[in-house]
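J.: Sequence:
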Amino acid sequence: MQVWRDTRLIGVQSEGCNPVAKAYRNNQVEVEPVEKSTTIAGGIGLSDPGIDGKVTLRKIRETQGQMVEITDEDILNMLYSLPAKEGIFGGPTGVASIAALKKAKEMGAIKDGEYVVSILTESGFKDLGLFGKRLKKVDTIEPTLEYLDKYLNLK
Numbered sequence: 002m003q004v005w006r007d008t009r010l011i012g013v014q015s016e017g018c019n020p021v022a023k024a025y026r027n028n029q030v031e032v033e034p035v036e037k038s039t040t041i042a043g044g045i046g047l048s049d050p051g052i053d054g055k056v057t058l059r060k061i062r063e064t065q066g067q068m069v070e071i072t073d074e075d076i077l078n079m080l081y082s083l084p085a086k087e088g089i090f091g092g093p094t095g096v097a098s099i100a101a102l103k104k105a106k107e108m109g110a111i112k113d114g115e116y117v118v119s120i121l122t123e124s125g126f127k128d129l130g131l132f133g134k135r136l137k138k139v140d141t142i143e144p145t146l147e148y149l150d151k152y153l154n155l156k
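When we follow our numbering, the leftmost residue of the sequence shown carries the number 2, and every step to the right adds one.
Be aware that a few hints might be false.
Distance condition first, Cα-Cα at most 27 angstroms in a straight line; then the derived DSS-like pairs of lysine-lysine [stated by the list, open to error]:
| id | residue 1 | residue 2 |
| --- | --- | --- |
| 1 | Lys55 | Lys106 |
| 2 | Lys37 | Lys55 |
| 3 | Lys60 | Lys138 |
| 4 | Lys106 | Lys86 |
| 5 | Lys60 | Lys106 |
| 6 | Lys104 | Lys60 |
| 7 | Lys151 | Lys127 |
| 8 | Lys103 | Lys127 |
| 9 | Lys23 | Lys138 |
| 10 | Lys55 | Lys86 |
| 11 | Lys103 | Lys60 |
| 12 | Lys151 | Lys138 |
| 13 | Lys86 | Lys60 |
| 14 | Lys127 | Lys104 |
| 15 | Lys60 | Lys37 |
| 16 | Lys86 | Lys127 |
| 17 | Lys37 | Lys23 |
| 18 | Lys106 | Lys23 |
| 19 | Lys103 | Lys23 |
| 20 | Lys104 | Lys23 |
| 21 | Lys23 | Lys55 |
Source of the hints: derived by calculation from the structure; they are not laboratory data.
Please model the entire structure based on the sequences and the hints provided.
T.: Laid out in structure tokens, this is it:
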């Protein structure tokens, strides 16, 4: 298997900001800016990706890849389930690629038996505000081993 020749790129954008996905879907060569970004994933919320959008679109087509559009709900679901299931704490932009895998499979962009590399590029610590409503109150203790032992009922 020759890796690059067999590699297909799958681009991911939120429905709340999807200029490259729209250009892909409409068979356009140019990527037209969208009016404004409404996605929670700020790192992929570029209403005007400029030349990068055009290059991305071209590379996806050259590799016979596809564009996948996900919702903010898809992102939020992955944002909360990934730490619980895999121990990976990513931010909204970072988990977008993971959130898109299911849709990419449903679209036929990923077939059974294929290898997939999905890159998570953002730590969840970058944007803790999205977790605020779901976080439980955290107990605080004095920063000593004595208090830690008491808290953990070790002594």
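J.: Each of the hints needs a verdict: does it hold here or not?
T.: Here is what the structure says about each hint:
1. With a CA separation close to 25 angstroms, the supplied pair Lys55 and Lys106 stays within the 27 angstroms bound.
2. The suggested pairing of Lys37 with Lys55 holds, with an alpha-carbon distance near 18 angstroms, which does not exceed 27 angstroms.
3. Using a Cα cut-off of 27 angstroms, the hinted pair Lys60 and Lys138 is violated, with the two alpha carbons roughly 46 angstroms apart.
4. Simply put, Lys106 and Lys86 have alpha-carbon atoms about 20 angstroms apart, close enough for the 27 angstroms limit, and the pair holds.
5. Only pairs whose Cα atoms come within 27 angstroms are accepted, and Lys60 paired with Lys106 is accepted, the gap being roughly 20 angstroms.
6. Among the hinted pairs, Lys104 with Lys60 is consistent with the structure: their alpha-carbon atoms are about 20 angstroms apart, no more than 27 angstroms.
7. Proximity of Lys151 to Lys127 is assessed by CA-CA distance (about 32 angstroms); at most 27 angstroms being required, the pair is judged violated.
8. Straight-line distance between C-alpha atoms of Lys103 and Lys127 comes to about 25 angstroms, which keeps the hinted pair within the 27 angstroms bound.
9. In summary, the hint linking Lys23 to Lys138 is not supported, as the alpha carbons are separated by about 42 angstroms, beyond the 27 angstroms threshold.
10. Only pairs whose Cα atoms come within 27 angstroms are accepted, and Lys55 paired with Lys86 is rejected, the gap being roughly 36 angstroms.
11. As the CA atoms of Lys103 and Lys60 are separated by approximately 22 angstroms, the hinted pair is consistent with the 27 angstroms bound.
12. With a C-alpha separation of about 19 angstroms, the suggested pairing of Lys151 with Lys138 holds against the 27 angstroms cut-off.
13. Taking the CA atoms of Lys86 and Lys60, the gap is about 33 angstroms. The hint is violated against a cut of 27 angstroms.
14. Our distance criterion of 27 angstroms between C-alpha atoms is met by Lys127 and Lys104, whose separation comes to about 26 angstroms.
15. Between Lys60 and Lys37 the alpha-carbon distance is near 25 angstroms, which keeps this suggested pair within the 27 angstroms criterion.
16. Taking the CA atoms of Lys86 and Lys127, the gap is near 20 angstroms; set against the 27 angstroms cutoff, the hint holds.
17. Restraint check for Lys37 and Lys23: the C-alpha separation of about 14 angstroms stays at or below 27 angstroms, so the hint holds.
18. Of the supplied pair hints, the one linking Lys106 and Lys23 holds, its CA atoms being roughly 20 angstroms apart against a limit of 27 angstroms.
19. Annotation: proposed proximity of Lys103 to Lys23 holds, straight-line Cα distance about 20 angstroms (limit 27 angstroms).
20. Taken as a hint, the Lys104 and Lys23 pair is honoured in the structure, with Cα atoms around 16 angstroms apart against an allowance of 27 angstroms.
21. A C-alpha spacing of about 12 angstroms is found between Lys23 and Lys55, which places the hinted pair at or below 27 angstroms, so the restraint holds.
Hint compliance for this structure: hints 3, 7, 9, 10 and 13 are broken, all remaining hints hold.
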